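Chains as they are written, first to last, in this note's numbering: chain A, 1391 to 1770; chain B, 451 to 727; chain C, 96 to 400.
Since the hints were made in silico from the structure, they are not lab data.
Do not take every clue at face value.
[As the list claims (entries may be wrong)] Label pairs and their computed distance ranges (CB to CB):
1) Leu-712/B / Ala-194/C: 21 to 27 Å
2) Arg-1409/A / Arg-165/C: 29 to 35 Å
3) Asp-1601/A / Gln-714/B: 55 to 61 Å
4) Ser-1434/A / Pro-459/B: 49 to 55 Å
5) Ile-1402/A / Gln-196/C: 41 to 47 Å
None of the values given here were measured: they were computed from a predicted structure.
Ideal placement from N, C-alpha and C gives every residue a C-beta, glycine not left out.
As a plain string of letters, each chain reads:
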Amino acid sequence: MAKVLIENLYKIYPAEKGRPEKIAVDNANFEIQDREFMVLVGPSGCGKTTTLRMVAGLEEITRGSIYLDGKKINEVPPKDRDIAMVFQNYALYPHMPVYRNMAFGLELRGVPKDEIRRRVDSAAKILGLLEPDNLLERKPKALSGGQRQRVALGRAIVRKPKAFLFDEPLSNLDAKMRVETRTEISKLHRQLDSTMIYVTHDQTEAMTMADRIVVMRYGKIQQIAAPLELYHRPANLFVAGFIGSPPMNLLQGTLEAAPNGTLEFVEKVTSPHLPFRGVLSTDTSRKLSSRQGKEVILGFRPEQLHPNATSSNPTLQGILEVVEPMGAETYLYLKTGAHSCICRTTETDLGLKEGSKINLGVDLSRAVFFDPKTEETILT
Amino acid sequence: MKPTHSSFPWFSRLALILLGVLFLLPFFWMVSTSLKPLNETMKLPLEWLPTSPQWHNYPDAMKAMGPFWLYARNSLFLAFLNVVGTVFSSALVAYGFSRLDWRGRDTCFFVLLATMMIPFPVVMVPIYGLFRALGWIGTFQPLWVPAFLAGAFNVFLLRQFFLSIPKDLSEAARIDGCSEFRIFWQIILPLAKPALLTVALFQFMATWNDFLGPLIFLAREEQYTLALGLQALQGTISGTPWHHLMAASTLVLLPVLVLFFLTQRTFIRGIATTGLK
Amino acid sequence: MTLGERRNVLKGLLFISPWILGFLAFNLYPLVASIWFSLCDYSVLSQPVFLGAQNYVDLWRDPVFWKALRNTVLFAVVAIPLSTLLSIGLAILLNQPIAGQGIYRTIFFLPSLVPAISLAILWQWMLNGPMGLVNSLLRPPLQAINALFGSHLQAPDWLNDPNFALWGLILTGLWGTGQAVVIYLAGLQEVPIELYEAAELDGTNSWQRFLHITLPMLSPVIFFNVLMSIIGALQTFAVPYILTGGGDGPGRSLLFLATYIYQNAFDYWNMGYASALALCLFVLIIGLSLITVHYGEKKVHYSGR
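Next up, chain A with everything else stripped away, as it sits in the complex (with noise of 0.2 Å):
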């Protein structure tokens, strides 16, 4: 059983000699339940692993509290308090072979020799560090990154600790590697059954792991949501922006009268082009009612963006620029009046040229209303 609360959680860097004081976390409040993966995502620099670490009590708190299990642990050293952490750079121990690495913690808590033979031999199985190699007698220097990442996490499992801490634990690894660590991390989790934090910088890990996602932007929490509620109903425009690849179109316009009581939203256009118009739903425009006649943006994602336009949708008008076929699906790069635009299709034959002038049809029934003075949604 663990659960970490995290309340009103300051971290600031005092002024120093030519540079001014730096709010590194800005009043940082979530509660990660226990077994919950929680994933902290964000650009460098916004306070994603400060509040990792002031977890894993390696910096120290400036302001707020951390509470593991309901008790208070901001004053409580590290090594008591029964955490784990897998480092970004794997932070093994070079001279000392992989046993020794995996041992290590639990020699210094006084385990019993046996208990911890038997702790770091299933850690290992469940790892593969076994077979097809035994790799426990070998030095890290003598492992590829894969595998020292997978010893990283060994030494994290045999403490078996309340909760795991992850300070981007992929980012060394190649793309493929990346990709199967992070399906491991996701069994293990369920394996292991316990509480994960999970600091990243790369949306898709924080999508394809999370049970619930932490966005952070400028040491200040943007929104807190299961990964498809950030990704269909993002708190703001940073958000929007943020998770997703490719990220969601923003159209910039206004919402205008249209008949049946219904809102009509009208591009913004600087160009002599036919501005993007598309018709709301009776139930959309009610609650919309009071931005009538003003500025909002509209995001919805590229797959919301059809290269049949039917007649139920509205469409948009652009210019294509460039095709780029994935394989599974293909997106297409287009520029509307003042707009770029991304659209996501699983059509793969579309005998489209660049430079060639086409339209879309544009599914609004999910998209996303933002105001563009606040950066805040307005109705998603």
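Dock chains B and C against chain A, hints included.
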């Protein structure tokens, strides 16, 4: 490493060979003289080689120096304590200056660097007074106790090395349950072996070669180091038995050379880094 | 400071405590005490008696002090440039693609390992007037010159001639310059080879490459070495002391400040005067170092720092 190919390869080759011979010549002369009978050392024109090598010059020179083996033991004893003391204390201090983050650290380190500008002759008078007040003059203590209080240069050297060890390792160890001292002892020291060996070698040489310290602080003959014993030989004997002086000089130099050839790589690397960092 | 910060400072101080003790006992206290002793009549055996500036007045009028100062500065000013040039030259020669680079490096390095006592006794013998190897090597070329030009050049009696003793010491020092060779060689090997290749494509000759690539890239190393050499040269004691059989050479030609401090302190037991001398040496070291730093820093090229 092949930077510019010289326009005169034969010229640099010749220069190297000539200079190499010049640099080796004193060594050759030392050994050659040490194996000559006395009258041959005084012969003109010079004989490059002794007509028949007088190996007994070596035991004779040792006898002339007095208790040679006692001096050797004193030198070794001091070298040993100095090496142990310096390596341990300098590593400890270097750890505090590199692996820990604390307010005032950089200021302290700057002071440490500045102390490298204070050579021993500048401070030896009050230090002598200090040891005298402690009743240590005429004992070995002045020659080894300071080694346990870290040397600025060695601290600097080790700090550079410690800084190159990833910070992650300390943090992983901290989470694994290490105290600060255990991180120092079980993680950092084993990883810093090459640097520690370098410091140990430098310190051995420095103590073995030290002349001024023993000259000032030692009083009785039975405490003399080899360096002092050799100087005494130079001063006491009448005439100039150069064959004995050369034999004794060779004997004092020999351990240093042996140590160097055993550890050449570490040594050269150590010297190179001291100048580059 | 927060609790954690205070704990960190405490931990840091604990680790560096050996140095703090050493600093207090062997750096700070002696410097402060020197200032006090230099104002006293002090023989170690009895309590210091305050004299005021008397020691400094004596020092000003003491021709031996001026001799020691002159010798010390002269030695530094002559020996450091010479040994710097020699060791850079050797390093550049060594940095050629030649077989046996390691062996040559060892040969040049070995002399710097020789203990001061062995070094000095060996060179006492090398520089012996009639019997020395140096003179035996010098005589044939000198005779040839004399025969050609009708001159009367003679090999000097190095250590017994006040005009040559210092040069004898410099020669001894040049033989032991190998440490610097190793350092310069390592510095040369750090210079990225692409720089030379690019310069070669630009059509430079090897002298230009030396001037515009090697020298600037090596300048931080040279700077550091020169600074260390200054501090080393100014405290010269053991080698000249032993070379002269525990003295200061003919006409005090090998009397250095460190020697004079030693003589006053441990031969005459005039610790007060010795302290005044020591402070002069300290000021000299600081002064020359600062001058070097002042003129050096501008010329030194730090890449990527």
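Next item on the list: For the range 55 to 61 Å, tell me whether the beta carbons of Asp-1601/A and Gln-714/B fit it or not.
Entry: holds (59 Å)
Check: Cβ-Cβ distance between Ile-1402/A and Gln-196/C: within 41 to 47 Å?
Finding: violated (55 Å)
Next item on the list: Kindly confirm whether 49 to 55 Å is satisfied by the beta carbon distance between Ser-1434/A and Pro-459/B.
Entry: holds (52 Å)
Next item on the list: Starting from the range 29 to 35 Å, see whether the pair Arg-1409/A and Arg-165/C falls in it by beta-carbon distance.
Entry: Because 50 Å falls outside the window, the suggested range is violated.
Item checked: Range agreement (Cβ of Ala-194/C with Cβ of Leu-712/B, hint 21 to 27 Å) -> holds (24 Å)
Of the numbered hints listed earlier, those contradicted by the structure are 2, 5.
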